[in-house]
Amino acid sequence: MSATTTAMSATTTIVTEGRGVSRHTAGRRRRAFGIGKIVSLIVLILAAVFALGPLLWTVTTSLRSPADAFSNPPQWIPFQADFSNYTAVFEQIPIGQFFVNSVIVTVLIVVGQTITCTLSGYAFAMISFPGKNVIFGAFLATMMVPLQTIIIPVFLIIKTFGLNDSLASLIIPALGSAFGTFLMRQYFMQMPRELGEAARIDGASQWGVFSHVYARMAAPAISTLAILNFSGFWAEFYRPLIFLQSQSNFTLPLGLVGLQGNLGTGSISVVLAGVVIAMIPSVLLFIFAQRYFIAGVTAGSSR
Amino acid sequence: MSAPLTAPHAAARATLRGAKPSRPVRRPGARRTARREAWFGFAMIGLAMLFVTVFTFGPILASLGLSFFDWDVISPPTFAGLANYTRFFSDGPVLQAFGVTICMAIAIVVLQLTFGLGLAVLVNQRTSKFGRTFFRTAFYLPLLASTAAVAIFMGYLFDNKFGAINYYLGLLGISGVPWLTSPFGAQVTIVLIVVWQQVGFTFVLFVSALMAVPTDVLEASSIDGAGPLRTLFRIKIPLISPTILFAAVIALINAMQLFDQPFIMTKGGPGSATTTATIAMYQTGFQNLQFGYSSAIAIILLLLILAITGLQFLASRKLVFYQ
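Protein chains in written order, with the working numbering: chain A, 1 to 303; chain B, 1 to 323.
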């Protein structure tokens with residue numbers, strides 16, 4: 001956007017404030033604010049450069065030949081893209097296997113938590129049963145507990161069941177979630193109770209009311225929870241580090257760190273090709289479901 | 001959004017499909033209905049309850065119990081009383097790890113909130129939908145990378161000999177900044193990297209809070225002659241203060257658990273400069289096999305997080321303005 005159009009639009013900007021309500025009250029501050037507008041745009045663009053720069057560097061460097069990868073200045077536009085790193089990363093480590101492992105772990109946790117949290121969130125919001133508030137309070141209290149505080153006992157449980165060094169050790173402990181329950185409950189709480197009552201009078205069962213009326217209306221909250229879980233567990237490093245030993249079970253973050261360690265500084269561009277591959281699913285998901293990512297950020301703040 | 005629109009259809013379908021032939025509803029059976037409803041409630045929370053009990057409630061109690069024992073996994077645990085806790089308060093390296101964590105966490109929270117709020121205010125003043133979507137995407141993208149991936153590529157960028165950052169600083173006449181090779185440099189680098197990745201989170205929170213500030217309030221202040229800065233500090237920031245508190249609490253809880261970036265980039269070094277509380281806990285537990293002591297550190301970290309969060313709420317009682 002050029003500076004002139006920015007300055008011109010500044011007069012309307014101050015009164016509309018992004019809400020489409022136009023009132024011409026601030027005309028006399030037009031000029032001063034026009035300059036402020038340009039400065040603010042420059043600051044924003046600089047911030048965007050800092051935010052995107054390292055990511056762009058990662059992508060373009062993954063397309064340089066291994067010999068050139070660490071030579072400065074960095075090459076910001078890949079004029080001669082070299083895709084050999086992307087084949088090399090598959091040859092040097094079982095990144096295909098890591099990818100499959102990550103998909104299995106993440107998908108099963110997302111599906112599992114969607115089921116358990118939708119059921120429990122609905123019960124806490126809509127059904128009355130003895131001890132409900134106490135149990136829900138206990139759920140809420142665990143949300144502040146760091147993962148590191150419970151990791152040793154969880155690790156011991158995993159070992160007891162003979163699940164250590166397996167994908168199941170990552171999946172099973174993550175199938176229930178206090179936060180997910182909380183998130184779903186908040187959403188069900190906003191729904192009108194009359195709908196369920198009407199369906200009950202028409203003879204629907206308790207389960208029928210849930211599955212045919214409310215669960216269908218909960219699609220936005222379910223999507224938000226699924227997206228939150230996907231991005232969280234896809235990126236997870238701490239539990240895999242502790243639970244997994246053999247390379248064939250590694251998920252992507254753990255595998256990539258291993259790749260970096262094994263290869264030393266020689267093949268940066270190969271490591272970065274792996275990093276890019278690991279990011280592709282998140283980026284694709286973000287492109288298609290951006291609003292659920294944004295909803296996920298704000299989801300907790302309604303507490 | 002389509003949910004409210006489809007609702008009546010769903011209800012209608014429910015009566016067609018999920019329903020048995022309708023019987024007249026009788027009130028006298030109310031107690032039985034309540035009991036059946038209760039059983040249905042228990043059944044619905046059953047699965048979540050099972051997993052949360054086994055993998056969260058139980059482990060919290062187990063950690064607490066384990067912290068009173070000495071245990072190396074191989075020989076049977078022996079009761080140690082409060083020995084693990086008294087040991088903590090005389091364990092220089094672990095105390096230092098907690099100190100480092102608190103300092104880095106404060107730096108992270110302050111920078112993350114300042115940048116997040118500043119950028120959100122600037123974006124909020126723009127009308128163009130394109131601009132707003134563009135900047136939101138730009139600031140959110142770092143969150144899509146895993147912390148491990150960020151630690152890897154930032155490690156290359158901050159390399160003090162070959163890294164692109166020192167190359168560009170060299171063009172400005174600043175050469176050879178020891179980002180990851182000096183203790184203070186490593187702490188600064190890790191703070192910067194966490195802020196770089198997390199700022200999009202606070203940014204998105206603040207943008208949506210600012211959008212929710214009622215227009216009439218802003219118009220009133222504008223009519224009364226308040227300039228943009230005055231409106232920001234006297235109207236907007238007080239109105240979104242609950243969101244600021246929430247962001248501060250979340251950011252602090254996360255920062256107190258900082259592990260991935262220092263573990264991958266510096267292994268807690270150089271020396272022990274970036275050994276955070278969770279790295280110290282990992283070393284005592286999973287490397288030195290002192291599970292009892294590691295559990296005691298874990299419980300102390302939990303109490304510290306609870307205490308700091310409680311303090312934040314108390315301190316903000318005067319500052320936060322709930323509508």
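Don't take each hint at face value.
Here are the in silico distance ranges between beta carbons for each label pair [what the hints assert, rightly or not]:
hint, chain 1, residue 1, chain 2, residue 2, range
1, B, Q96, A, F79, 43 to 53 Å
2, B, S128, A, F79, 28 to 38 Å
3, A, V283, B, A30, 25 to 35 Å
4, A, G258, B, N288, 19 to 29 Å
5, A, Q245, B, W39, 36 to 46 Å
6, B, A30, A, F288, 43 to 53 Å
7, B, Q96, A, I287, 17 to 27 Å
8, B, I174, A, I77, 21 to 31 Å
If you want the footprint, here are the derived chain A segments under chain B, 3+ residues with CB under 8 Å [what the hints assert, rightly or not]:
hint, stretch
9, 48-59
10, 75-85
11, 92-104
12, 129-143
13, 147-153
14, 160-168
15, 225-237
Rather than coming from a laboratory, the hints here were simulated on the basis of the structure. Computed from a prediction, not measured in an experiment: that's the story for all the values here. We treat Cβ as the ideally placed atom computed from N, Cα and C, and that holds for glycine.
How the hints compare with the structure:
1. In this structure the hint that Q96/B and F79/A lie 43 to 53 Å apart at CB holds, the actual value being about 49 Å.
2. Checked against the given bound of 28 to 38 Å, the beta carbons of S128/B and F79/A, roughly 32 Å apart, stay inside it.
3. At about 54 Å, the CB distance of V283/A to A30/B disagrees with the hint of 25 to 35 Å.
4. Checked against the given bound of 19 to 29 Å, the beta carbons of G258/A and N288/B, roughly 23 Å apart, stay inside it.
5. About 44 Å separates the C-beta atoms of Q245/A and W39/B, a value consistent with the hinted range of 36 to 46 Å.
6. Under the hint 43 to 53 Å, the C-beta atoms of A30/B and F288/A, about 48 Å apart, fit the expected range.
7. Separated by about 44 Å at the C-beta atoms, Q96/B and I287/A break the suggested range of 17 to 27 Å.
8. Checking the proposed 21 to 31 Å range against I174/B and I77/A shows it holds: the Cβ atoms sit about 26 Å from each other.
9. Requiring three or more residues with a Cβ within less than 8 Å of a Cβ of chain B, the coverage given for the stretch 48-59 of chain A holds, as 8 such residues are present.
10. Counting residues of the stretch 75-85 of chain A whose beta-carbon sits less than 8 Å from any beta-carbon of chain B gives 0, not enough to reach three: the coverage restraint is violated.
11. Here's how the stretch 92-104 of chain A fares: 0 of its residues keep a CB closer than 8 Å to some CB of chain B, so the rule of at least three is not met and the hint is violated.
12. Counting residues of the stretch 129-143 of chain A whose beta carbon lies closer than 8 Å to any beta carbon of chain B gives 7, which reaches the threshold of three, so the coverage claim holds.
13. Given as covered by chain B, the stretch 147-153 of chain A passes the check, having 7 residues with a CB less than 8 Å from a CB of that chain where 3 are the minimum.
14. Counting residues of the stretch 160-168 of chain A whose beta-carbon sits less than 8 Å from any beta-carbon of chain B gives 0, not enough to reach three: the coverage restraint is violated.
15. Against chain B, the stretch 225-237 of chain A contributes 5 residues with a C-beta closer than 8 Å to a partner C-beta. That satisfies the three-residue criterion, and the hint holds.
Going down the numbered hints, you'll see the structure goes against 3, 7, 10, 11, 14, while the others check out.
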